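> Next come the chains, spelled out residue by residue.
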Amino acid sequence: MKTVKNIVLVLMVAFVGIQFIPTKRNQSDTVPVTDFMLVNKVPNNIKSMLQVSCYDCHSNNTNYPWYNKMQPIAWFLEGHINEGKAELNFSEWDSLSNRRKLSKLRSIIKQIESDKMPLEFYISIHKDAEFSEEEKITIIQWMTQLRDSL
Amino acid sequence: MKNLKVTTGILAIAIALVTLTVMSCKDTKKEHSNEDSLHTEMSADENHSAMNHDNSNGHHDNENKEMTMNADQDGNSELILKDYFNLKNALVADDNSKAKELGGKLAKSLVNLDVSKYTDAQKSELNEIIEDAVEHAEHISESPMAHQREHFKILSKDVTDMVTITGTANTLYEQFCPMYDKGSAWLSMSEEVRNPYYGSKMLKCGKVQKEIN
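For the record, the sequence lines run as chains A and B. Residues in the first sequence are numbered consecutively from 1, following full-length UniProt numbering. Residues in the second sequence are numbered consecutively from 1, following full-length UniProt numbering.
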């Protein structure tokens, strides 16, 4: 009983301790001119889908719920966001060449089509990020249109 | 009595925790003090190495450049083609791990392409092609078979466009499978069709749609 108490105490202290280690937040006040929403004519319904389901990990601005500011979740999230942005960053969309935009749009379509994106774990903490079948069709259609127009 | 003590303890810790969280939130919003920035560096390093562990998805262009320059390979487009064909053959053979390895190899030879002898317009086009192709090759180097094939499709387009600029000493055949992903092309050294998108499932599906050289 005493050892259990001690272990719990140590864990508690460790948990408190790691809160002091700050992580770099993925947040910015300005929307760069290269942003996907600014360079493309994006209808409002698509806009909000992208914002809710994609922009947290694929743009320079993450909308953090409170629990994501706590360690160790914040660390875990930071790694994820860095990875997501390296793969696709909507904030820097227009800095890509046409060839790369086409490539990215293909991947976006494929990932949504095959339910690989948004990530399952993300949906589990973000119910509203999940696309309904209807939304999937809408966004894929729109992305395909954009791809064919490039 | 003992219970009360434990509860009070937990309560105290909980309060401390909330306070600290709020404090640390404020801290990160402010400019970091020296100590803080030290921590930030540390945690950034940690994350970096953690990322390297579970995905060698290689956003390390500089590293690659250095490595290939040291290896003193010539930045020849023929080398890229050779690696591309080896990769294609691995996909034809349904060999996922070989394709991974060869995807990584191709990524390196792509980065290494020497564009200096081309015109400015060609240079910028080649650079765009390489940038795109490298990403696909890197994805191939870390993905399961189905995903490798998806990327191979766009990679094939990139390599074909590259050949249009660089030319090649050999005769190549652009082959086409109408079934895979609404129709997909690839390059081959031999006229005989061996389908990299289906492998053994539909080895001979496809036709030669164009002869290059």
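Careful: at least some of the hints might be erroneous.
[Unchecked claim] Calculated lysine-lysine pairs in the DSS-like style (CA-CA distance at most 27 angstroms, straight line):
# : chain 1 : residue 1 : chain 2 : residue 2
1 : A       : K110      : B       : K100
2 : B       : K123      : A       : K110
3 : A       : K116      : B       : K204
4 : A       : K136      : B       : K153
5 : B       : K204      : B       : K100
6 : B       : K207      : A       : K110
7 : B       : K123      : B       : K201
8 : A       : K85       : B       : K100
9 : B       : K105      : A       : K101
[As the list claims (entries may be wrong)] Among chain B residues calculated to face chain A with C-beta under 8 angstroms, some are:
#  : residue
10 : D114
11 : E128
12 : I129
13 : E131
14 : D132
15 : I154
[To be verified] Over 10 angstroms on every C-beta distance to chain A, these chain B residues come out as not near it, computed from the model:
#  : residue
16 : E78
17 : A93
18 : H136
19 : V193
20 : Y198
21 : K201
22 : C205
These are computed hints drawn from the structure, not numbers from a lab. Being a predicted model, the structure only gives us computed values, none of them experimental. The C-beta atom is built at its ideal place from N, Cα and C for all residues, glycine as well.
> Tell me the hint numbers this structure goes against, listed in increasing order.
When the structure is compared with the hints, numbers 2, 3, 7, 10 and 18 turn out to be violated.
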